[in-house]
Amino acid sequence: MSSPTASAVLSAIEARWHPRRVIADTQPWATMRFLAGNAWRGVVWFVVVVVLVALGFGFATSVVLLPVALVAVRLWRLAARTERRRVGAFAGAAIPAPYRPRPPGGWIARAAGMATDPATWRDLAFLLVGLPLGIAELVVAAVALFTPLSFVLTPVAYANTGHGVGLAYPVGSWFGALVVALLAPVAAVASAYVLAGAARGHVLAAAWLLGPRKGDQLEERVDVLTRTRSGAMEAMLAERRRIERDLHDGAQQRLVALAMDLGMAKEKLDRDPVAARALIDTSHEEAKRVLADLRDLVRGIHPAVLTDRGLDAAVAAVAGRCPVPVTVDIRVPERLPEAVEVTAYFVVVEALTNVAKHAAGGATDAAVRIAKNRDTLIVEVVDDGPGGADPRRGTGLAGLADRVAALDGRLAVQSPPGGPTRVRAEIPIR
Amino acid sequence: MRVVIAEDAVLLREGIIRLLADAGEQIIAAVGTGPDLVAAIVAHRPDVAIVDIRMPPGFRDEGLRAAIEARRRVPGTPVLVLSQYIEERYAGELLETGAEGIGYLLKDRVADVADFVAAVRRVAGGGTVLDPEVVTQLVARRRRGDRLDALTPREREVLGLMAEGHANAAIAERLFVGDGTVEKHVSAIFAKLGLGEDETGHRRVLAVLAYLRG
Chain C
0 MSSPTASAVL
10 SAIEARWHPR
20 RVIADTQPWA
30 TMRFLAGNAW
40 RGVVWFVVVV
50 VLVALGFGFA
60 TSVVLLPVAL
70 VAVRLWRLAA
80 RTERRRVGAF
90 AGAAIPAPYR
100 PRPPGGWIAR
110 AAGMATDPAT
120 WRDLAFLLVG
130 LPLGIAELVV
140 AAVALFTPLS
150 FVLTPVAYAN
160 TGHGVGLAYP
170 VGSWFGALVV
180 ALLAPVAAVA
190 SAYVLAGAAR
200 GHVLAAAWLL
210 GPRKGDQLEE
220 RVDVLTRTRS
230 GAMEAMLAER
240 RRIERDLHDG
250 AQQRLVALAM
260 DLGMAKEKLD
270 RDPVAARALI
280 DTSHEEAKRV
290 LADLRDLVRG
300 IHPAVLTDRG
310 LDAAVAAVAG
320 RCPVPVTVDI
330 RVPERLPEAV
340 EVTAYFVVVE
350 ALTNVAKHAA
360 GGATDAAVRI
370 AKNRDTLIVE
380 VVDDGPGGAD
390 PRRGTGLAGL
400 ADRVAALDGR
410 LAVQSPPGGP
420 TRVRAEIPIR
Chain P
0 MRVVIAEDAV
10 LLREGIIRLL
20 ADAGEQIIAA
30 VGTGPDLVAA
40 IVAHRPDVAI
50 VDIRMPPGFR
60 DEGLRAAIEA
70 RRRVPGTPVL
80 VLSQYIEERY
90 AGELLETGAE
100 GIGYLLKDRV
110 ADVADFVAAV
120 RRVAGGGTVL
130 DPEVVTQLVA
140 RRRRGDRLDA
150 LTPREREVLG
160 LMAEGHANAA
170 IAERLFVGDG
180 TVEKHVSAIF
190 AKLGLGEDET
200 GHRRVLAVLA
210 YLRG
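So the sequence lines, in the order shown, correspond to chains C and P.
Just so you know, we're using numbering that gives the first Met the number 0 here: the first sequence kicks off at 0 and counts up by one.
Just so you know, we're using numbering that gives the first Met the number 0 here: the second sequence kicks off at 0 and counts up by one.
So here's chain C without its partners, still in its complex pose (with noise of 0.2 Å):
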């Protein structure tokens, strides 16, 4: 999930702006077009800025001081993005949006993320900064505009006034006149560099401004990288406790019954055989109820078929144990790394287990879709139940949200009362 960083950005102001290309730069009428706009946008991002920080301070008092703030960051973030895409599209390569991952929980956690994202703050200076920008970029664009111009018609000035116009104000003789209307093609390179050069300075400040930090991205991963290390720590031993309370409530507890019962018919082999063959056949279906334990608490563990033959096929297994019929679309020629199989294949699991379990009685069919869309793998559950599952009670739910963003990935579980339920993870590959 490595995000472009600025150096993208760069890299293309340097191709488009460079010194042979700027002469053969064939839209100089696109420049022009991107300057005027940078100033009418300056202007226009000012005043809603300024107009939004004023009913910020209109309501300063009041209890919904809180819900305008988060409705004017929302606004400027708006008009941040817009700006990031149309600079990017003139710079001809996307300048990436700098924002952390959105953090999980209501509006209040999202809010506040947001506030104390660095990058927001940022986008409000560039909006602010814009005003300035912009107009000295438009008068720049004038300037470049009228001094070829007028150099062209310096002899006519110089035949109606006496003197030239614009930089070639001092022309005092017809000779010096004839000699700046020969400078106007020299005068129209120069403005085109100068074009040039205030576009690319816009350009740069939308990338710095606009665009990612390397420091920020490596701050904000040390957190990720940090919080999900734990969450997958924590996810580890979660997974290790539950399978010694399965060891030790399960197949542990029936091994003793099975010896206790086989003692028993020993004892009684002599003396009373009907009772003895009895305690036997308990005993042989004690047996294989333990090995079905066991079985499951190993497929539980890793499945071999997923090592095997890919998540196709283990998912398909998964979906045929379920109580409820299940319909299993996957589109995933290739095999894919472990890691991302694995989890995908838990998700399914989870979901499915959730289905057989809070469901029972609710639902009457569930879908599994797992797909590949670039280099994300998306797996998607979706059942029919009574809904209401929440990854933050439930301990499996969120015990998989830990495994899926140990690889940076995403969880995402909608589940409204009444259903439908919908348990979607976005893993990258890689």
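Hint data in this document are derived by calculation from the structure and do not stem from the laboratory.
Careful, some of the hints might be misleading.
Some chain C residues well away from chain P (every beta-carbon gap over 10 Å; in silico) [claimed, not checked]:
hint, residue
1, T60
2, P66
3, V185
4, V188
5, Q252
6, L290
7, V297
8, D307
Okay, the calculated bits of chain C under chain P, using three or more residues with CB under 8 Å as the criterion [claimed, not checked]:
hint, region
9, 279-287
10, 314-327
Remember, predicted model here, so these are calculated numbers, not experimental data.
C-beta: ideal position from N, C-alpha, C; glycine also.
Given the structure of chain C, go ahead and fit chain P onto it with the hints provided.
Structure of chain P alone, referenced to chain C:
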């Protein structure tokens, strides 16, 4: 009946040998790896080979691969594959080598001695024996609006027993009903699934499986 056994777990291998010897069968070779199995089958031409799917060195599906390889080298060798887990996929791969004399059972089934010996003999005789779990998985995998939905629970039970390779009489005995009742169920199943009814024996199993895997 001359039997080759491929099983790396000594306890289970000795157990199966004891169990089959008890039933009067002759164990001509007991091996612990895939290549040894292929060699033993080529050398001895047994009446049936009993093969564990997971064997050294990789402990993955060496047994299955060896069984497929052995059937390629000595066509028609009956093979009964045992596995800790039933995976419909493995059953499919086995059946692709031809369905005559193919068995695929959960290891646990060894515990029901009489049933297990009967299954070994059915496979040796060219029959097809599939674990009930294979059918469960295949049935569960069906798509919505499938013709399988039209089957009654009883018919599904009969379908499962058919896939296990049981003849009508054996099915009747297991379900505690008369032969006529089973025949009625079978024709109902074939009619509902749109299959030709004249198939018998392993061909019948195949018809059902082909439909389920479709």
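Non-interface claim for V188 of chain C, where every Cβ of chain P lies beyond 10 Å: holds (69 Å)
According to a criterion of three or more residues whose C-beta lies within less than 8 Å of a C-beta of chain P, is the region 279-287 of chain C covered? Result for this restraint: holds, n = 3.
In terms of Cβ atoms, is chain P entirely out of 10 Å range of V297 of chain C? Incorrect as stated: the minimum Cβ-Cβ distance to chain P is 7 Å, not above 10 Å.
Is the nearest Cβ of chain P still more than 10 Å from the Cβ of T60 of chain C? holds (59 Å)
Stated coverage of the region 314-327 of chain C by chain P [criterion: 3+ residues, CB within 8 Å]: It holds: at least three residues are needed, and the region 314-327 of chain C offers 10 whose Cβ sits within less than 8 Å of chain P.
Is the nearest Cβ of chain P still more than 10 Å from the Cβ of P66 of chain C? holds (45 Å)
Outside-interface status for Q252 of chain C - nearest CB in chain P farther than 10 Å: holds (19 Å)
Run the C-beta distances from D307 of chain C to all of chain P and say if the shortest one exceeds 10 Å. violated (5 Å)
Determine whether the non-interface label on V185 of chain C survives the test: each CB of chain P must be over 10 Å from its CB. Holds: least Cβ distance 75 Å, greater than 10 Å.
When you look at the beta carbon of L290 of chain C, is every beta carbon of chain P farther off than 10 Å? For L290 of chain C, whose nearest Cβ neighbour in chain P is about 4 Å away, the distance does not exceed 10 Å, so it is violated.
Violated hints, in rising order: 6, 7 and 8; the structure is consistent with all others.
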